[in-house]
Structure formats: C-alpha cells, structure tokens
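A.B. asks: Model the full structure from these sequences, guided by the hints.
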Amino acid sequence: MKSLMNSELGMFEQTVSDFAAGELLDGRQENDRFPYGPLFEEVLRKARAVGFFSVTLPEELDGCEMGVTELCVLLDSLSRIDASLAAVIFTDTLAKEIVYRSRGFLQLKDLVARVGEYGGGLFAFPSHADPADSRGLLAEPVGEGLYSLSGTVDYVVLGGIAGSAVLPARTAAEGYSFFVVDLAGPGLGVSVPVASLGLHACPAVDITLEGARGALVGGEGLGAEYLERVTGTMNAAAAAMSLGVMKGSFEEAVSYARQREQGGREIINWSEVRRILARMAVKLKVCDMVVAEACRNAEESLPGWELGARAAALYSGEASVELTTDGIQVLGGNGYMEDYGQEKRFRDAGQIRSLMGIAPIRELELMRKVLEGEPLY
Amino acid sequence: MFSSNGDRAILDREPRFDDITSSLKSVSKMPKAAFRETAQVIATARRFNEEVVRPRALELDRLKHEDPDYLPWDMVEEANRRGFYTMFIPKLFGGHGLNMPSLSCFMEEVASGCTGIANLIGVHYLGVATLCASWNLRVMNRVMRDTAEGERNGKPCLISLAITEPGAGTDVEELELVGKAKVTCHAERVPGGYRLNGNKIFISNGHLSTWHMTIAYTDLDDPANTTVMLAVRNGMEGFSFGRQEHKMGQKACPASELIFEDCFVPDDLVCFDALQAARHTRSMQAVTMQVIDYVLSGSRAGVGSFGTGVARGAYEEALRFASQAEVGGKLLINHEWAQCVLAEMYKNVALARLSYVETNYANGLYGLFKVLHYKPLFYLMKYLPQQFVDAVVQPFLNMDFVTWLFRKIYFDWQREDEYQRTSGWASLSKFSATDAGVRNCQLALELMGGAGVRTDQVAEKHLRDSKLLQIYEGTNQLNRLNLFKCLIGRSVPAAKVFED
Ligand SMILES: Cc1cc2nc3c(=O)[nH]c(=O)nc-3n(C[C@H](O)[C@H](O)[C@H](O)COP(=O)(O)OP(=O)(O)OC[C@H]3O[C@@H](n4cnc5c(N)ncnc54)[C@H](O)[C@@H]3O)c2cc1C
Ligand SMILES: Cc1cc2nc3c(=O)[nH]c(=O)nc-3n(C[C@H](O)[C@H](O)[C@H](O)COP(=O)(O)OP(=O)(O)OC[C@H]3O[C@@H](n4cnc5c(N)ncnc54)[C@H](O)[C@@H]3O)c2cc1C
Chain A
1 MKSLMNSELG MFEQTVSDFA AGELLDGRQE NDRFPYGPLF EEVLRKARAV GFFSVTLPEE
61 LDGCEMGVTE LCVLLDSLSR IDASLAAVIF TDTLAKEIVY RSRGFLQLKD LVARVGEYGG
121 GLFAFPSHAD PADSRGLLAE PVGEGLYSLS GTVDYVVLGG IAGSAVLPAR TAAEGYSFFV
181 VDLAGPGLGV SVPVASLGLH ACPAVDITLE GARGALVGGE GLGAEYLERV TGTMNAAAAA
241 MSLGVMKGSF EEAVSYARQR EQGGREIINW SEVRRILARM AVKLKVCDMV VAEACRNAEE
301 SLPGWELGAR AAALYSGEAS VELTTDGIQV LGGNGYMEDY GQEKRFRDAG QIRSLMGIAP
361 IRELELMRKV LEGEPLY
Chain B
378 MFSSNGDRAI LDREPRFDDI TSSLKSVSKM PKAAFRETAQ VIATARRFNE EVVRPRALEL
438 DRLKHEDPDY LPWDMVEEAN RRGFYTMFIP KLFGGHGLNM PSLSCFMEEV ASGCTGIANL
498 IGVHYLGVAT LCASWNLRVM NRVMRDTAEG ERNGKPCLIS LAITEPGAGT DVEELELVGK
558 AKVTCHAERV PGGYRLNGNK IFISNGHLST WHMTIAYTDL DDPANTTVML AVRNGMEGFS
618 FGRQEHKMGQ KACPASELIF EDCFVPDDLV CFDALQAARH TRSMQAVTMQ VIDYVLSGSR
678 AGVGSFGTGV ARGAYEEALR FASQAEVGGK LLINHEWAQC VLAEMYKNVA LARLSYVETN
738 YANGLYGLFK VLHYKPLFYL MKYLPQQFVD AVVQPFLNMD FVTWLFRKIY FDWQREDEYQ
798 RTSGWASLSK FSATDAGVRN CQLALELMGG AGVRTDQVAE KHLRDSKLLQ IYEGTNQLNR
858 LNLFKCLIGR SVPAAKVFED
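Quick mapping for you: the protein sequence lines, in order, are chains A and B. Residues in the first sequence are numbered from 1 upward in steps of one, following our numbering. Residues in the second sequence are numbered from 378 upward in steps of one, following our numbering.
Keep in mind that the hints were calculated from the coordinates and are not lab data. Just so you know, not all the hints are guaranteed correct.
In the SDA-like style, the derived pairs of lysine to any residue whose C-alpha atoms are separated by at most 25 Å in a straight line are [what the hints assert, rightly or not]:
1. B:Lys-752 / B:Lys-707
2. B:Lys-559 / A:Ser-271
3. A:Lys-46 / A:Phe-12
4. B:Lys-862 / A:Val-43
5. B:Lys-557 / A:Gly-187
6. B:Lys-707 / A:Arg-368
7. B:Lys-873 / A:Ala-278
8. B:Lys-747 / B:Lys-873
9. B:Lys-707 / A:Arg-362
10. B:Lys-862 / A:Phe-12
11. A:Lys-283 / A:Asn-269
12. B:Lys-862 / A:Asp-339
13. B:Lys-557 / A:Gly-333
14. B:Lys-873 / A:Arg-368
15. B:Lys-862 / A:Glu-266
16. B:Lys-707 / A:Ala-359
C.D. replies: Written out as structure tokens, the structure reads:
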C-alpha cells in the first residue's frame with residue numbers, strides 16, 4: 001500500500017499501528033480465548049474513543065468521513081497484529097453503511113449516538129452469508145415504518161455485544177429488506193457465542209425473534225440493492241484484512257526462520273525453506289498491489305472499481321489461506337501452538353475468507369457482471 | 378514378443394519394477410483371512426465412530442479449549458475397554474494380533490470422525506512400532522504384555538514415542554542430519570544401565586502413557602553414532618511430566634513435555650544401543666538408520682491414513698452441507714460446480730488411501746510386517762490358542778538367541794533397496810495424504826462459506842486438526858527430501874542430499 005501513502009495517510013497508518021502494538025499485541029492470545037476468557041472490552045472502548053468505529057460515516061454521525069483507502073489502511077494495519085478488532089470494525093461499518101446508503105441518515109443519527117456501554121453504538125450484522133439465501137426471518141408491518149419480526153437469523157456477528165443489529169427479512173414484497181432491530185428490545189432470544197474457526201474476539205450469536213420490533217431500512221424489497229451499494233467498499237475492506245493477516249504471518253515466519261537452527265544452520269538457509277518464504281512474499285506483494293489498486297480506483301470512482309474490489313477480496317482471501325498455511329509450516333511444531341501467532345492467523349484467514357459468503361458463488365457473481373458488460377480491465 | 382534375456386537389468390531401471398509393484402506382488406501372498414479381518418476392523422471402527430467418536434468429538438475439542446490442562450481419560454478408558462490398544466499387538470506379546478495393515482484402515486475410519494481421538498489410539502502404535510523395530514524381543518514382551526494386562530484390569534497402559542527435543546525436531550527424524558543436531562538428552566553409561574538427563578517436547582499421549590520409548594544419545598557431540606533407545610516407565614525415579622502444549626487442533630490428544638533428571642534405566646529396559654548393535658554386520662549408524670526407517674515406514678503410512686481420514690471427514694461434512702443448504706434458490710448439491718468440487722474431494726480421499734495401502738504392501742514384503750505376513754506363520758498365529766502361545770511360545774521370547782535371530786532377519790538380511798522402497802513410499806504416502814487432508818478441509822470451507830467456519834458444522838475442526846499432519850512424523854518438506862533420497866537421488870551419482 002506504500003504507493004498510496006501521502007503524509008496524512010502515513011500518519012494515520014502510524015497511529016493505527018501504534019494502537020495495535022500498544023493495545024492488541026500483548027493480549028492477543030488471551031483475547032482469542034473468548035468465550036472461555038473475557039471479551040476485550042477495554043480495547044473496544046479505546047477503539048471507539050479514537051474513532052475507529054464509523055470511520056466512513058459523515059461527521060454529523062460522529063464519523064471521520066474517511067474513504068475506502070483509510071478504511072483499508074486501518075483494517076490492514078490492525079490485522080497485521082490481530083484481525084479480531086478489524087473484524088469488529090468491518091461488521092459495524094458494513095451494517096452502518098447499508099443504513100446510511102439507503103438514505104437512513106436520521107435512523108442512524110439516534111442509534112450511533114447511543115451512550116452507555118462500549119457496544120451501545122455498535123451495529124451487528126450477519127456477515128458470512130448472502131442475505132438472499134436466508135429465509136428464516138419474516139416481517140409484518142405494524143405501521144409507521146415499524147415491523148414485527150419473527151423467525152431466526154444465524155451467525156449475527158457482534159449480536160451479543162452490539163446495541164443494534166441490521167437484519168435481512170422477507171416481507172410481502174419480492175426480495176428481502178433490511179431492518180434495524182434494537183438488540184435490547186423485547187421478543188429477542190440470543191444464543192451463547194457460536195464457537196468458530198477464528199476471530200474469536202469478534203463473536204457471533206444465533207438470534208431468534210418473536211414479534212420483535214424492527215424499523216425498515218429504506219424501502220421494502222430493496223435489501224439486495226442497498227447491499228450492492230456497499231459491496232465495493234466492503235470487498236476492499238475484506239481484502240485489506242486478508243492482507244494484514246498475510247503480513248503478520250510472513251513477518252513472523254521470516255524472523256523465526258532466521259533464528260531457528262536445524263541441520264547446523266539457520267533454517268532460512270535451507271533453500272526449500274527459503275523458497276516457501278519466497279512464495280509467501282510473492283503472494284503478499286501481489287495482494288498488496290491489488291488492494292492498493294482497488295483503493296486508488298475507488299477514490300477516483302473509475303468505472304468498474306467495484307469489480308476490482310470483488311476480485312481483490314476473492315484473490316486475497318484465497319492467497320491468505322495458502323500463505324498462512326505455509327506460515328505455520330515454517331515454524332514446524334511451534335507454528336501449531338498458541339504461544340506463537342501463526343496458528344491464530346491461519347484460523348483468522350479462513351474466517352475472513354468467508355466474510356462475504358461462499359467464494360465460488362461470489363466468483364460466479366463476478367463473472368455475471370463481466371458478461372453483462374462491466375469492464376474487467 | 379517377450380524375452381527373458383536381460384529383462385532384470387531393464388526392469389531395474391527407474392522407475393524400478395520392484396518399486397512400483399508391491400501390490401501386484403502381494404496379491405498371491407496375502408492370506409485370505411487378512412481380508413476378512415480388515416472388513417471386521419473397519420466395521421468395528423465404524424461402530425466406534427457412531428457410538429463414541431462423532432457424538433463426543435466436538436465436546437472433547439471444547440473441553441480442552443476451556444481447560445488447556447484437560448486430559449481425556451474417559452475416552453482412553455473407552456478405547457481400552459474396546460480392546461483397541463491390543464487389537465494390533467501380535468498374539469506372541471499378548472495382543473489380539475489383527476494384521477498390521479488393517480491398523481491403517483482402522484485409523485482412517487476413526488480419523489474421519491476425529492483425528493484427535495484417532496491419535497489417542499494411533500500414537501500408542503507408534504510406540505509399539507518403535508519397540509518392535511528394535512527387535513529386542515525380551516523388552517517387547519515385557520512392555521506389550523503390560524498393555525495387555527492394562528486391558529484386563531481396566532487400567533489403560535499406553536506406549537508413547539519420545540524423540541523430539543526443544544532444539545532438534547527435523548534433525549532427529551533424519552540420520553543424515555542427526556549428526557549436526559543440537560540434542561540435549563544424554564544417556565550416560567553407568568553400572569547396570571544408563572542415567573538419563575534432558576527434556577523431550579511435543580510427545581503425543583505423553584501424559585496418558587505408561588511407557589515411553591525414549592531416544593537419547595551417549596555422546597551429545599556425536600548423536601549419529603551413539604543413539605540409544607530406552608523404555609521408561611511412569612514412576613521411575615527422575616522421570617516426570619512437564620507442561621502440555623496448547624495446540625490449535627487435535628485437542629483430544631495431549632502433546633507433552635517429558636523431563637528426565639538423573640533417571641536410571643536398567644539394562645533390561647534398554648531396547649537398543651551400541652553394545653547390541655555391535656553384534657551385527659552393519660555399522661552402528663547404519664543399524665540405527667534401519668531401526669528408525671522400520672518405525673517411520675510403518676508410522677508414516679499411519680499418518681497417511683490419518684490424512685486420508687481427515688480428507689474424508691471434510692468431504693463428508695461438505696457433502697452433508699451441500700445436500701441440505703439452498704443457495705440461489707436451489708440445493709447447493711445441484712450446482713454443477715459444487716458437484717465437481719465434491720468429485721475432486723472424493724478423488725483426494727481415494728488417492729490418499731491408495732498411497733498408504735501401497736506403502737503397507739511394501740512394508741509387508743520388505744519391512745516391519747514381513748515375518749508376520751508369511752502365510753504359514755500368519756495362520757499359525759491366528760489359530761494357535763492364546764494359552765498355548767503364552768505357556769509354550771512366550772518363554773522363548775526372553776532368550777537372547779531369539780532376539781539375535783530376528784535381528785539377523787530384520788537388520789542383516791534386509792537389502793538397501795528394500796528399505797529405500799519402504800521408506801520412500803512411506804514418505805510419499807505421508808506427505809501426499811496429509812496434503813490431501815488439508816486441501817480437502819480448505820475445499821470444504823470454501824464450499825460451505827459462512828457455515829464452514831462454525832464449529833458445530835465440524836469442517837473447521839477438521840481443518841484445525843489436519844494442519845498438524847503436515848508437521849509431525851517429519852515435516853512434509855523432510856518427507857519430500859527423504860523420498861528424493863530413497864527413490865530418486867540414489868540413481869543420480871551427482872546427487873547429494875542435505876548439502877544444499
Ligand atoms: C502436536 C505434535 C505432536 C507431536 N508428537 C510427537 C511425538 O509423539 N513424538 C515425537 O518424538 N515427536 C512428536 N512431535 C514432533 C514432530 O515430529 C516435530 O515437530 C517435527 O519433526 C518438526 O520438528 P520441529 O517442530 O522442531 O520443526 P523444525 O525442525 O524446527 O522445522 C521448522 C521448519 O524448517 C524446515 N526444515 C528444517 N530442517 C530442514 C531441512 N534440512 N531442509 C528443509 N527444511 C527444513 C521444516 O520443514 C519446517 O518447515 C510432535 C509435534 C507436534 C506439533
Ligand atoms: C487430439 C485429439 C484426438 C482425439 N481423438 C478422438 C478419437 O480418436 N475419437 C473420437 O471420437 N474423438 C476424439 N477426440 C475428440 C474428444 O473426445 C473431444 O474433443 C472431447 O470429448 C471434448 O469434446 P469437444 O472438443 O467437442 O469439446 P466440448 O464438448 O465443446 O467442450 C468444451 C468445454 O466445455 C466443457 N463442457 C461441455 N459440456 C459441459 C458440461 N455439461 N458441464 C461442464 N462443462 C462442460 C468441456 O469440459 C470443455 O471444457 C479427440 C480430440 C483431440 C483434441
């Protein structure tokens with residue numbers, strides 16, 4: 001991402017990196033024990049205080065009015081150390097962006113300003129699945145833009161800690177619609193945190209609703225359209241998270257290989273080990289360029305930039321899964337142990353890859369757009 | 378069309394006929410009963426999976442996550458009750474004596490449910506194989522009969538293998554490297570035995586085992602020529618357990634630190650050392666390599682079966698999900714691309730399985746199982762009543778002559794090309810099947826998307842479990858190099874291994 005850096009962005013990156021080094025590094029292993037250890041509430045509080053939530057929202061909504069580039073730099077730099085906080089920001093941003101881009105300015109204004117607990121202003125969202133495939137939740141209008149929601153939604157990320165959730169549900173209209181639901185309101189059953197592969201400090205829950213109140217986001221049946229409006233940004237964001245995890249894994253692998261000796265020399269001097277590192281370096285460099293290019297095109301609103309962001313997320317997602325597998329391998333048995341960061345990065349990479357849903361389906365979706373004439377290059 | 382003149386020379390060209398026909402050569406030599414036994418073994422494993430493994434796999438994973446010091450004693454006791462720790466121990470030593478290759482089939486089945494639980498059983502046979510590879514029949518008889526006794530009295534008596542040290546992992550798996558290894562486990566010769574000092578790490582089943590086949594060195598500056606293998610029993614003075622590792626997966630199976638502080642091991646528990654090697658034709662270093670190759674040729678096929686099992690577990694979860702989940706308005710399994718992914722996964726399982734099956738054929742012809750697969754002996758052992766074995770045959774095992782004879786067969790009479798074949802194939806199976814395991818888990822997650830990362834959907838646990846398989850029993854890099862050394866480099870005069 002160096003090619004994007006101007007002095008302002010550089011300073012921002014430094015601030016984020018300092019935050020990650022100061023607040024995330026030492027507690028990484030302990031924080032990842034959630035739910036068998038405490039949630040990193042203090043970190044969430046501080047992250048909120050420095051404005052990491054709502055970075056892309058306008059100032060009137062307590063946001064920083066930043067663009068895709070800053071969002072990516074933020075998530076990349078955090079994920080290098082610990083991707084869980086980045087995933088919290090990702091989820092919250094995704095939910096808020098959907099409401100905001102549906103012209104839900106007023107709807108948001110009240111909610112993001114909610115005070116009290118660190119999670120009060122946070123938004124939960126069932127990422128990891130295409131809302132079009134979830135048919136578990138039905139919405140009946142009860143008047144004044146309010147609906148009564150009944151059914152289930154699986155894997156609502158942050159559902160156990162956020163103040164509100166943005167949930168997809170079916171109405172009489174075709175397609176699905178989004179609703180903002182008060183997570184402290186009546187008619188809601190929330191499961192214990194769902195055990196998962198990675199990102200343990202960014203937990204998810206399954207939610208059951210029985211006549212819970214939901215406020216319609218925008219218009220009925222327009223969910224897919226609103227989601228589409230944010231996919232470019234969120235795909236770039238997901239790619240940036242994969243990228244950050246790759247950086248962390250690569251750095252730890254190189255530093256370990258320089259120190260660990262087998263066969264009478266540092267293992268980095270066995271050419272097979274070095275070649276594994278070299279292939280990791282190639283993947284990392286390519287992804288870094290790809291994410292930077294996606295950001296640049298987004299800033300300039302070049303036609304087709306969203307397609308580029310989709311490709312970036314797909315490519316980085318796959319590359320990070322491969323790279324972190326090698327990242328463990330270079331450390332041998334130690335790579336498999338929680339005492340080192342590699343096994344967590346391996347798990348987080350897999351989890352991040354699925355943030356936007358099933359990869360092959362997303363590939364087909366991309367191809368559909370190409371066939372419909374969106375410019376690929 | 379055919380002429381036998383000069384055929385041998387041409388068949389010995391690479392790829393050598395004998396290297397690629399172990400299965401073909403075995404067909405006529407296989408006792409028919411071994412086939413029926415294998416069917417029984419697989420049925421037994423499937424029942425165990427249904428009744429115990431699948432219902433409890435996630436629970437064990439969670440318990441260990443909650444409490445990193447948790448030990449799954451109840452699972453070990455269940456396996457012990459079912460006779461799994463003696464099932465593949467030869468009847469000579471008090472076991473049930475089912476044929477060794479069927480152990481791999483058993484492990485594939487159990488690993489398809491949970492690789493951690495498979496390890497709880499399989500690693501014990503790694504200890505057994507190590508003990509057997511020393512061909513010290515007296516110690517073999519003593520230790521394995523302890524396991525059989527443990528089955529009768531309900532107190533599991535497992536055997537672990539301790540090679541790895543904090544500073545030496547890859548190095549101590551490979552004789553060409555061990556000379557340069559920074560080893561610290563020192564066995565000092567003292568009257569009546571050895572005094573053992575040092576630490577072992579990452580020892581699977583350590584805390585759960587009673588016996589520990591421990592590799593140490595009498596001269597830490599010359600480990601290659603001074604290897605000793607000692608049988609250490611819990612409770613021996615100077616031996617204790619250290620910490621358990623906090624692993625990413627295979628949480629059902631502990632990885633332990635073993636600590637030796639002036640631990641005295643008497644001569645009658647020395648499985649193998651320079652004094653014993655001196656009675657054989659080959660050099661100490663060469664015999665040590667044979668011992669290690671016998672172990673690894675068996676155990677790496679075993680890890681191949683774990684890889685096959687986890688590849689299959691991932692495939693089965695993906696298939697279940699695809700048959701239930703609707704994507705874009707129709708079942709995932711009716712998307713053509715998903716069918717191709719499932720076919721790819723099925724293929725990975727099938728090829729991985731073939732690799733360990735072929736390796737076991739080689740082991741039966743040229744390696745660890747050679748004598749037991751000799752048809753007359755196979756049937757003799759199968760149908761001799763256990764009491765007769767115990768009363769009449771057993772006393773012979775304690776005679777030095779019998780150990781000498783077995784070592785003659787296994788050490789002196791084994792040809793170089795024979796252990797190259799078993800060792801090379803074992804490495805091939807180890808890295809191809811375990812790579813297939815990790816690959817299938819990643820494919821499963823890819824296919825399942827968000828559902829794939831949920832622990833209750835099992836595939837993510839398989840992924841965490843599978844990664845270990847690329848590391849232990851020699852990393853997959855080391856196994857590629859071993860395959861090169863055994864089956865490729867030997868025919869290229871200019872080729873040198875580990876001289877990068
Ligand atoms: C959970 C677990 C259970 C285990 N169980 C047992 C057990 O029961 N008994 C036992 O004795 N051991 C056990 N092991 C140890 C295992 O066999 C070692 O971890 C393995 O041999 C690798 O050694 P290492 O971890 O020291 O890695 P290293 O040897 O430090 O290797 C680090 C990296 O360097 C590479 N490398 C090293 N040397 C070379 C070379 N010459 N050429 C190319 N690449 C090289 C490796 O491939 C690897 O990628 C276990 C390990 C784990 C993690
Ligand atoms: C050198 C050569 C020698 C040959 N020799 C013989 C011969 O001796 N006798 C003979 O009869 N034929 C022969 N063939 C023909 C050969 O069998 C065909 O080329 C082959 O069956 C593919 O058919 P196609 O070329 O028409 O490709 P197509 O059928 O047009 O396929 C094009 C692509 O579409 C894919 N595709 C098609 N349908 C599907 C589907 N339903 N789902 C998913 N993907 C699909 C294919 O996989 C392929 O990637 C030969 C071909 C070659 C190139």
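A.B. asks: It remains to establish, for every hint, whether it holds in the given structure.
C.D. replies: Okay, the hints, checked on the actual structure:
1. B:Lys-752 / B:Lys-707: 55 Å, violated
2. B:Lys-559 / A:Ser-271: 21 Å, holds
3. A:Lys-46 / A:Phe-12: 16 Å, holds
4. B:Lys-862 / A:Val-43: Not OK: Lys-862 of chain B and Val-43 of chain A at ~52 Å, beyond 25 Å, violated.
5. B:Lys-557 / A:Gly-187: 68 Å, violated
6. B:Lys-707 / A:Arg-368: Holds, at about 18 Å.
7. B:Lys-873 / A:Ala-278: Holds: Lys-873 of chain B and Ala-278 of chain A sit about 23 Å apart, inside 25 Å.
8. B:Lys-747 / B:Lys-873: 31 Å, violated
9. B:Lys-707 / A:Arg-362: 16 Å, holds
10. B:Lys-862 / A:Phe-12: 53 Å, violated
11. A:Lys-283 / A:Asn-269: 21 Å, holds
12. B:Lys-862 / A:Asp-339: 34 Å, violated
13. B:Lys-557 / A:Gly-333: Roughly 19 Å between the alpha carbons, so the hint for Lys-557 of chain B and Gly-333 of chain A holds.
14. B:Lys-873 / A:Arg-368: 52 Å, violated
15. B:Lys-862 / A:Glu-266: The given pair, whose Cα atoms are some 22 Å apart, holds under the 25 Å limit.
16. B:Lys-707 / A:Ala-359: 17 Å, holds
Hint violations for this structure: numbers 1, 4, 5, 8, 10, 12 and 14, all remaining hints satisfied.
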